[in-house]
Amino acid sequence: MKKFFIGFAVVSLLIAGVLSYFASGSPDGLDKTVEDTGIAEHAQEHPFSGSTFADYALGGDDKFTGLAGVLGVVVVLAVSVGLFWLLRKKSDVK
Amino acid sequence: MHMSDGLLNAPVSVAFLVIAAAGVGFALIKARADLDDRTAPMAGLVATFIFAVQMINFPILPGASGHLLGGALAAILVGPYVGALCVTIVLVVQALLFADGGLTALGANVTNMALIGTATGFFVALALRKLAERGKGGLAAVAFVSAFVNTVVAATGFIVEYAIGGVGGVEIGKVALLMWGLHALIGIGEGLITAVTVTSVASIRPDLVYLLRGNKKPLEVRS
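Protein chains in written order, with our numbering: chain A, 1 to 94; chain B, 1 to 223.
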């Protein structure tokens, strides 16, 4: 069981840390829709757009996308495992 | 499919924050029954995997891309309630840490991707469960179809929200045509990623696939 979970986590780390450099930079379906229709003109700047890891970079430098990805993996893993562990039914079986 | 702030007017943004909060609250209550010492870590890893894969935008047309939403994937692996929470956690971390997806838009984004997407993926997968239990090919087909539908229906969420309270006064038919056209293509990618992921997990740990739970006879004899 542990082996499977560790493997799953390693796959996620590799995707976020390495494969992320090969991601397409084109707008996604919703962004493309709002750009082509002009709706995007009304988009407001994100309140945290100047934050350290905004847009999966480090201070705006996307050479560090992999690092941002690894950080995101660690944060999501910690938050989600923490939440789900607290929520779980405690098993009585030893 | 993360919308920025400002695309929906303030009352509609707030309304969807309330809807999202209610949906996530309901999921939090219902998720308990699906979480134990074995499935809780699995659920955390599913959320983590969805975050990682959402970083990988794949090209669909020149100048347009798509990424996994993950609703069907999560629903098939960990169930609809835990699955909705997985996608919600991903969206919250993306909005707060990576400035990806607006803050007032978070309600609509959670509603579309975490609630509508996961529920749709789950209902389609559940309807096709018999096929999924027939073997790897059946499971792959069910994963593909439920993920495809999840993508198109989640995209419809934005169309409806824009129709109710969109800013800019763009004709809704135009928005719908672009959203559906692009997300039909993205849905193929979502379907492929979901099929590969779900069948991979099922081939190693079929006991961790929520949709196959209680399926004691993997090679059921059909009459």
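Worth flagging that the hints you see were computed from the coordinates, not collected in a lab.
Please note that the accuracy of each hint is not assured.
To spell it out: a stretch of chain A is covered by chain B in this simulated footprint if at least three of its residues, at any positions, have a beta carbon under 8 Å from a beta carbon of chain B; those stretches are [unchecked claim]:
no.: 1; stretch: 7-19
no.: 2; stretch: 27-37
no.: 3; stretch: 49-58
no.: 4; stretch: 66-77
Among the chain A residues that face chain B by a calculated CB cut under 7 Å, a handful are [as the list claims (entries may be wrong)]:
no.: 5; residue: K2
no.: 6; residue: A23
no.: 7; residue: H46
no.: 8; residue: F84
no.: 9; residue: L87
By construction, the Cβ of each residue, glycine as well, lies at the ideal position given by its N, Cα and C atoms.
Against the structure, the hints come out as follows:
1. Coverage of the stretch 7-19 of chain A by chain B holds [criterion: at least 3 residues with CB-CB distance below 8 Å; count 8].
2. Beta-carbon proximity to chain B at under 8 Å applies to 9 residues in the stretch 27-37 of chain A; the threshold of 3 is reached and the given coverage holds.
3. With 6 residues bearing a CB less than 8 Å from a CB of chain B, the stretch 49-58 of chain A meets the requirement of three and the coverage assertion stands.
4. Look at the stretch 66-77 of chain A against chain B: 8 of its residues bring a Cβ nearer than 8 Å to a Cβ of that chain, three or more, so the hint holds.
5. For K2/A, the suggested interface contact is broken, since its CB lies about 9 Å from the closest CB of chain B, more than 7 Å.
6. Look at A23/A: its Cβ gets to within about 5 Å of chain B, closer than 7 Å, so that hint holds up.
7. Among the interface hints, the one on H46/A holds; its C-beta lies about 4 Å from the nearest C-beta in chain B, closer than the 7 Å criterion.
8. Evaluation of the F84/A hint against chain B yields a held restraint, the C-beta minimum of about 4 Å falling below 7 Å.
9. At about 5 Å, the closest approach between the beta carbon of L87/A and any beta carbon in chain B falls short of 7 Å, and the interface hint on this residue holds.
Figure legend: structure checked against the earlier numbered hints; the only hint not met is number 5.
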